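The primary structure of each chain is shown beneath.
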Amino acid sequence: DAGVIQSPRHEVTEMGQEVTLRCKPISGHNSLFWYRQTMMRGLELLIYFNNNVPIDDSGMPEDRFSAKMPNASFSTLKIQPSEPRDSAVYFCASSSPAMGQPSNQPQHFGDGTRLSIL
Amino acid sequence: AQSVTQPDIHITVSEGASLELRCNYSYGATPYLFWYVQSPGQGLQLLLKYFSGDTLVQGIKGFEAEFKRSQSSFNLRKPSVHWSDAAEYFCAVGDGGYNKLIFGAGTRLAVHP
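Residue numbers (this note's numbering), protein chains in the order written: chain U, 32 to 149; chain Y, 7 to 119.
Do not rely on the hints blindly, as some may be mistaken.
[Unchecked claim] Within a straight-line C-alpha distance of at most 30 angstroms, the following computed DSS-like cross-link-like pairs (lysine-lysine) qualify:
1) U/Lys99 - U/Lys109
2) U/Lys55 - U/Lys99
3) Y/Lys55 - Y/Lys74
4) Y/Lys67 - Y/Lys55
5) U/Lys55 - Y/Lys74
6) U/Lys109 - Y/Lys67
[Stated by the list, open to error] Now the in silico label distances, taken between C-beta atoms and shown as ranges:
7) U/Arg72 - Y/Asp14: 28 to 38 angstroms
8) Y/Trp89 - U/Arg72: 25 to 35 angstroms
9) Y/Gly34 - U/Gly73: 17 to 27 angstroms
10) Y/Gly102 - U/Met71: 38 to 48 angstroms
11) U/Leu149 - Y/Gly47: 17 to 27 angstroms
[Unchecked claim] Derived coverage of chain Y by chain U (criterion: at least 3 residues anywhere in the stretch with Cβ under 8 angstroms from a Cβ of chain U; other residues may be distant):
12) 17 to 26
13) 67 to 79
14) 84 to 97
Because the hints were derived from the structure by calculation, they are not lab data.
These numbers come from a predicted model, not from an experiment.
The C-beta atom is built at its ideal place from N, Cα and C for all residues, glycine as well.
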């Protein structure tokens with residue numbers, strides 16, 4: 032089975048440009064998570080969706096960041112305008128429906144998008 | 007609030023030596039616990055998980071972890087480390103609904119030949 036697919040794998044762009052990161056979750060998974068990883072701050076949860084609905088976006092650093100999930104098989108994370116401090120590796124993860132409460136399904140991660148803002 | 011602490015930022019072991027990576031959690035109810043491994047340039051890969059039952063959990067790549075409720079710990083072990091085990095290891099606890107996870111800061115493992 033295909034895992035979580037992220038594109039592009041690498042992105043280099045100039046400050047001020049719009050950046051769009053893409054994620055295709057594992058088929059049948061109904062939760063999707065966006066993370067950012069840097070040396071200074073480690074792994075940070077930005078936003079997560081359940082059944083295509085955003086549940087918690089409190090980790091989104093600024094209004095320059097936005098995320099959408101128009102259907103069960105696709106999500107985007109957009110940064111507009113981008114800044115050098117946005118340089119990081121961005122991960123998408125998905126998980127299958129929870130079996131009761133609290134949730135107990137593991138997350139499956141993509142290989143990430145390495146973003147460099149010059 | 008729920009939290010995960012990995013006390014060791016870096017650990018170096020010799021190839022063939024045993025390994026134990028520490029993880030302590032803070033969670034009000036029965037925790038769901040996970041260990042992930044991240045190799046350079048890759049995403050996080052699930053090593054093992056604990057939900058209930060036997061407190062000693064076996065995972066992939068020869069790893070195991072033991073849940074100790076009295077110590078709020080979920081330490082990861084491997085009896086003999088291989089050079090390919092050099093990576094960063096993350097402990098995580100399930101945080102309520104929607105399969106959200108709280109991650110520790112990670113432990114970077116170096117393996118000397």
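Hints, one by one, checked against the model:
1. About 9 angstroms separates the Cα atoms of U/Lys99 and U/Lys109, which keeps this hinted pair within 30 angstroms; it holds.
2. Note on U/Lys55 and U/Lys99: the hinted pairing holds, with a Cα-Cα distance of about 12 angstroms set against a maximum of 30 angstroms.
3. Among the hinted pairs, Y/Lys55 with Y/Lys74 is consistent with the structure: their alpha-carbon atoms are about 14 angstroms apart, no more than 30 angstroms.
4. Taking the CA atoms of Y/Lys67 and Y/Lys55, the gap is about 14 angstroms. The hint holds against a cut of 30 angstroms.
5. At most 30 angstroms may separate the alpha-carbon atoms for a hinted pair to count; U/Lys55 and Y/Lys74 exceed this at roughly 37 angstroms.
6. For the suggested pair U/Lys109 and Y/Lys67, the alpha carbons sit about 36 angstroms apart, so the restraint of at most 30 angstroms is broken.
7. At roughly 19 angstroms, the beta carbons of U/Arg72 and Y/Asp14 sit outside the given window of 28 to 38 angstroms.
8. Range check, Y/Trp89 to U/Arg72: about 29 angstroms between beta-carbon atoms, so the 25 to 35 angstroms window is met.
9. Our hint of 17 to 27 angstroms for Y/Gly34 and U/Gly73 holds, since their Cβ atoms are close to 24 angstroms apart.
10. Distance hint check: the CB atoms of Y/Gly102 and U/Met71 are about 28 angstroms apart, inconsistent with the given range 38 to 48 angstroms.
11. Checked against the given bound of 17 to 27 angstroms, the beta carbons of U/Leu149 and Y/Gly47, roughly 21 angstroms apart, stay inside it.
12. Only when three residues or more bring their CB closer than 8 angstroms to a CB of chain U does the claim for the segment 17 to 26 of chain Y stand; here the count is 0, and the claim is violated.
13. With 0 residues carrying a beta carbon less than 8 angstroms from a beta carbon of chain U, the segment 67 to 79 of chain Y misses the three-residue requirement, and the given coverage is violated.
14. Given as covered by chain U, the segment 84 to 97 of chain Y fails the check, having 1 residues with a CB less than 8 angstroms from a CB of that chain where 3 are the minimum.
Going down the numbered hints, you'll see the structure goes against 5, 6, 7, 10, 12, 13, 14, while the others check out.
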